[in-house]
Amino acid sequence: MQLDAKIPSGPIEQRWDDHRFEMKLVNPANKRKHSVIVVGSGLAGGSAAATLAELGYRVHCFCFQDTPRRAHSIAAQGGINAAKNYQNDGDSVYRLFYDTVKGGDFRSRESNVYRLAQVSSAIIDQCVAQGVPFAREYGGQLANRSFGGAQVSRTFYARGQTGQQLLLGCYAGLNRQIALGNVKMYPRTEMLDVVVVDGAARGIVVRDLVTGRIWSAAADAVVLATGGYSNVFYLSTNAKGCNVTATWRAHRRGAGFANPCYTQIHPTCIPQSGEHQSKLTLMSESLRNDGRVWVPKEPGDKRAPGQIPEAERDYYLERKYPSFGNLAPRDIASRSAKEACDAGRGVGPGGRGVFLDFRDAIQRLGKDVIEMRYGNLFEMYQRITDEDPYQVPMRIYPAPHYTMGGLWVDYNLMSTLPGLHVIGEANFSDHGSNRLGASALMQGLADGYFVLPYTIGHYFATHKPKPLDTDHEEFKRVEREVEERIARLIAVDGTRTPDSFHRELGKLMWNDVGMARSEKSLKHALSRIPELREEFWKDVRVLGGRSEMNTALEHAGRVADLLEFAETMATDALVRDESCGGHFREEHQTPDGEAKRDDENYCHATVWEYTGDPGKPNEHREPLEFEYVHLQTRSYK
Amino acid sequence: MNLTLNVWRQKGPQDAGRMETHYLKDISPDTSFLEMLDLLNEQLMGEGKEAIAFDHDCREGICGMCSLVINGVAHGPQRATTTCQLHMRSFKDGDTIDIEPFRARAFPVVKDLAVDRSSFDRVLQAGGYVSVNTGGAPDANAVPIGKEEADKAMDAAACIGCGACVAACPNASAMLFVSAKVGHLAHLPQGQPERTRRVGAMVSAMDGEGFGNCRNYYECEAVCPKDISRDFIGEMNKDFRRAALGGR
Ligand SMILES: Cc1cc2nc3c(=O)[nH]c(=O)nc-3n(C[C@H](O)[C@H](O)[C@H](O)COP(=O)(O)OP(=O)(O)OC[C@H]3O[C@@H](n4cnc5c(N)ncnc54)[C@H](O)[C@@H]3O)c2cc1C
Ligand code: FES
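Chains U and F supply the protein sequences, listed in that same order.
If you read the first sequence in my numbering, its first letter stands for residue 7, the second for the next number, and so on.
If you read the second sequence in my numbering, its first letter stands for residue 61, the second for the next number, and so on.
In isolation and in its complexed conformation, chain F is listed as follows (with noise of 0.2 Å):
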């Protein structure tokens, strides 16, 4: 199939970005999108052009690293997928393509499609653990867990954090990525007795981070290539309550 690339490109942080648009020949259906891009940054390094930035690592769907906002939407037009599992058999020859990187305030642009998604990780650092060091833990069949807790939490814990939905909501929210960190350790009895400080002390990082207010759109639960729940959020907006009336 033959393509026309719409692709962002910025040099660093600082500079204002354009579009640019190149003309890409012969793509394969079978090739994934990032496979894609590939083809087209050796083209690009074959006319003496840089290659476009974009992060990638396990081009499996599980490290969150890829992004990509194609066509307007975080991930691309496949349900339940991430760009690098998306294949160009999602879009037909002679297609224009726009390609452009996740967009939000606590998300600055590193360089082209590459954006600094560290905001997530200090969120994390907050408190998203259990506190406990090597060494010592029970049998870890001394506390039962019921299947469909044990699966709630694993629900919740599929997040891949790659940003999908902050880049999705209107408000460059992040309440799906947090509250599904909250959740995974709050349906599991290890989460238990930090559960309230926990909550607290990750959502005023998320606020003070810049992320946007949750305005209930749920386009990040569209977009979401985990399909994490927007249940989630709100099970942490009532333990967010109780936390805030510093009650457990």
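Excised from the complex, chain U in its bound form (with noise of 0.2 Å):
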């Protein structure tokens, strides 16, 4: 496998501009002679979708939802970043840049980097040309917030429901090309593997999920915009059907899966109330602007939150980093929340948690600007814990939300498998080892708005696919290797369910490969995952039959792919023997537990290759160079 990661040379404002001139164009009347599949219909794909069809290129979308306008992205809530400065408060691209970079720990392709915040303004134009409602004020002007790990307002928002507002208006734009004959919609069809002829990636093959049908599309080049894998822990802010199956497949198709152990735990979530639980539920880190995180400085101190006296509360973050306080980036708010917990200072049940506090905030500017701010997640949290925040301080505590692990791609987005070009959540771009809060919006719209529009016409132009279709033998081969891996999953008829092998799993990955991770921890989880794995294919049950819908059938094709891939990924925790952002080896850090990064020997993205056994895969190296943003040790102080 070759990492050819095709960075422009010359100085970085220029990169991007030079390398669209250069990059070769596809005449307009060629165009409608390309075909792209496209995976996925959140923002990435969504917005890659309806932009390629716009220039002229077929398009075929498909998602597992019933509708495009449900992929995950619809749940984001807090805001998209740009760097507009309408704050006028001293931001620029570089400075989104910057930020970008350093709250990244250093782990991020800095060319990619700055093309983003390049990009992030053209965004937010494009998003209120199609009529998304952000939040503005009276005089008429657009309203932003700030976010964790950033000291501007550069975030743009939609109440609390920022992921819905932009979905709805990238989904608006996919209609528009659906019903103009320029998109082909797919909806309730799951994609199980895709079809790599004459070394290149010119299909997929996929379940229909209402009738079990099998069946396959060809196509010129192949996007996955198929989000993240944070349900590899079973419990996570992700909806129930992300999942890791199509960027696995496509791995074990030849495509390198870069930094798999780089994953983001959210500081703010609601704790989990019992076993019976199937998610966590976010709260959105905006709130982190306005409440003020605490808990008790006593272990063990039971009183409720209204008795413990101001002195004998400790707001840890304020204290630990007095310039950015509340606003500390995600990785460091979590693990100082894990800290407090650890030590015996959590609060609620089973000490998993720390308060988060609006008292001061509603003191301060009343319960209607609070109302307004927030007003909806103080609903959702009440809706689900039963406690009223404005009366008592919200519990939250960390839970798993987002990877910036995914499939390695060049500066093109197209992975190590030719014509497979991959967007969104699903790459490993950008984001280095921690992303910030309000970024990934932004990443996936830029990737799919703007990026790979310019970039697949290059490879369009420069390959020249063949054209091919759905009778090649090819197509046909992988088609029986999908009907027989499910003709396996229910032939097992073992005992237990699909979700049982799932929760297991996702507690074995949280508590090994989880916010702390050590090499005892993860040798113990790499003995442990395939075993797991070998129990699963002697004893998962699977009821009901292939040729209908089968929602246990869907879930436990998931769940096998999910028990390769974590066995990758805590291979991934292993090998990277340093902390840095979200991936805390609790052998590197310092004496007041920070993250300690280790350059000299991890200053690169770790690229796997497939080969047969995920727990061997093969190590490559991309090399990471900062001549921009020096090396320096992060700090938030």
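To be clear, the hints were calculated from the coordinates, so they are not data collected in a lab.
Beta carbons: idealized from backbone N, C-alpha and C, even for Gly.
No incorrect hints appear here.
Each pair of labels, with its calculated beta carbon distance range:
| hint | chain 1 | residue 1 | chain 2 | residue 2 | range |
| --- | --- | --- | --- | --- | --- |
| 1 | U | HIS282 | F | ASP158 | 13 to 23 Å |
| 2 | U | GLY621 | F | LYS85 | 32 to 42 Å |
| 3 | U | LYS529 | F | GLU209 | 57 to 67 Å |
| 4 | U | VAL498 | F | ASN231 | 45 to 55 Å |
| 5 | F | ASP211 | U | ASN94 | 21 to 31 Å |
Put the two chains together into one complex; each comes in its own frame, and the hints tell you how they fit.
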């Protein structure tokens, strides 16, 4: 496997412009001749599918939900960043670039991050033109808020439903192209494999989730926009359907998987309430703008929060990080919460929680203002916990939320498998080992609206894919493999449900490969995952037929892939013998518990090549160079 | 708590379907409604019976994928709450709960509790967008939009497209959904150039999908998990009359 990142040379401000000029174009009349498969209809996939269709390509778009507008992007709450500097507070493309590289703890590719910051402004313009109802000031101008890891206000938002509004805008554009006949949309259709012909990705094999029919689609290029893999932890803030199948199956066909151990544990989620729990709910990070995080100073203090006097509270983020305070980046805020709970100072059931208190903000601004800013989040909190956050502080705890790792892509967003492009959360680019708040929506839309539509044209113009259809024997062969795997899943006919395996894997990953990792925990995970996988293939029970809607079968297939992927993820965490961003190795910390990077040995992206055994992948490295933002110890103090 | 559940089972669109009774024990009041169904499914699969199919994804009340008519009410007894956000503390120990799919001619049952709501997508494809391509948009602050208008647009845009309004309506009308979508763009300057064409196209697509007429029962507003106001229906009717007159 060759890693050529294709990073343009020259001054960083000009790289993307120069590259756009140098890339070959496809003549408008020839665009109709090219077809593209886009798997995923979230912000990344939806924006790419619509834009590619506008340019004249023939697009086939797939998602497993019943409609493209339900992709998991819809759940994003807090906002989307852009270097508009509307607040006149010193923001710039360079500052957004700088914050993102530093926030990512120097494990991302500078050129990609710079480009992301450059196109960020155009995203907001585009969304407003589509009718996205962003929050406004009384004078009619767009409003902004600040988010963790930044000292400027550059986050655009639509109440606590920014993802929903962006996705509805993007979906509207997609609908327009569907109506025009330029996009053919296939909802309730799950991609189960990639088809490679003559070394290039030329199609996918899918299952119709309503009829169970296995069929395939061919195209000149395949784009994966299938989101992240946080559900490897079972309990996460992701939607129930999120999974690793698409990227894992592509990995098995030759796409390198980069940094799978980089996962983001979000500091502000509602703590788990019991064993029945099926998912965790995020409370937007924007709450940290006005809420203050604290725990009692004394371990084991069981008094109600209102009974604990000011002097006996520890506002630990404000104490430890005076310049960022409650807006410290996510990895730092999460770890601090774990530290407080590990020291016995946690609150709520099981002592796994910390307070997020709005008392002072309500006193200062009034309940009305807080309600206007966060009303829907407060309601959601109350519905779930039966507690009123206007009266008592919220209880929060970290939960798996986002995955910075993903399929490796070059500057053109193409994976190591020619023709296979990867965008949005599914790829590894831009966020290094820790993503800053409000940057995922920005990245998904940057990839889909403003990057891929250019780079894919260059791929067509230079590779000139030959016409091909699904009668090709390779399509038939992969279809057979997919059919056989489904038959095997049903044939096991054991005693345990797919969900019980998923839960067990999730617990194992959370304990051993979660917020803090050690050689010991990782080795434990690595010995246990293959056993669990074996148990799965001996004892899983999938009832119901294959030629009908069968939710147990869908889940079983996804769990089977997670069980393979988890092993590569733990391997990656073991091999990366340093702490950086969200990857915290207990062996590598400063005396005050901060992550300690090892730039000498680990200033690279680790890219795994599939070998047939998920526990023994081949390691490749893309060295990372920091020409502009110089390597430094990240400090938010 | 212990519960008796009467659940709709239907093998496929052509099957007649029937209610099936199951008993579930020791459910914590902190369990969500869908987690309760997960537990039922685990129990069923343990007994060698196929799981009940139901739609869900985000479980945060935002994707609009969950549905269900619970004791005769779309999304169940709690006001402004989706099924996935409903918790068992809204019920009592010993309760009997009827669980049925959203029912409407335009929402055929796919299996058990899952229905096909693609008619909504087709209504939106008829005109629920601003015709702009990617690129070339003016600066986002070029056109100021007063906060009140922007808030109105957002009130309408909050619709999650779940279809509860249709399921609750005695006529299975989609007026609340369509008017929210039309209203979102009608309250923004970006939506003006196509305003008349949009409303005409979307209303005729809605009629074509087999949704019923609005007879002002407003059951839709009562069940809407996002509190979409019936006022949008009135606004849309006005726009539609103008469209029908061919004016602007
Ligand atoms: C609760 C929550 C809140 C968040 N808030 C913010 C925020 O405020 N700001 C921010 O910047 N980011 C936020 N994020 C992160 C952000 O929402 C996601 O990273 C981003 O939306 C991912 O977009 P995507 O298009 O890459 O993938 P997704 O939106 O996850 O879309 C994936 C698509 O792929 C499809 N798919 C997947 N697998 C298959 C398959 N095998 N076959 C067919 N289709 C498939 C799905 O159907 C779906 O259409 C939040 C995340 C969560 C969980
Ligand atoms: S599952 Fe998403 S709204 Fe209920």
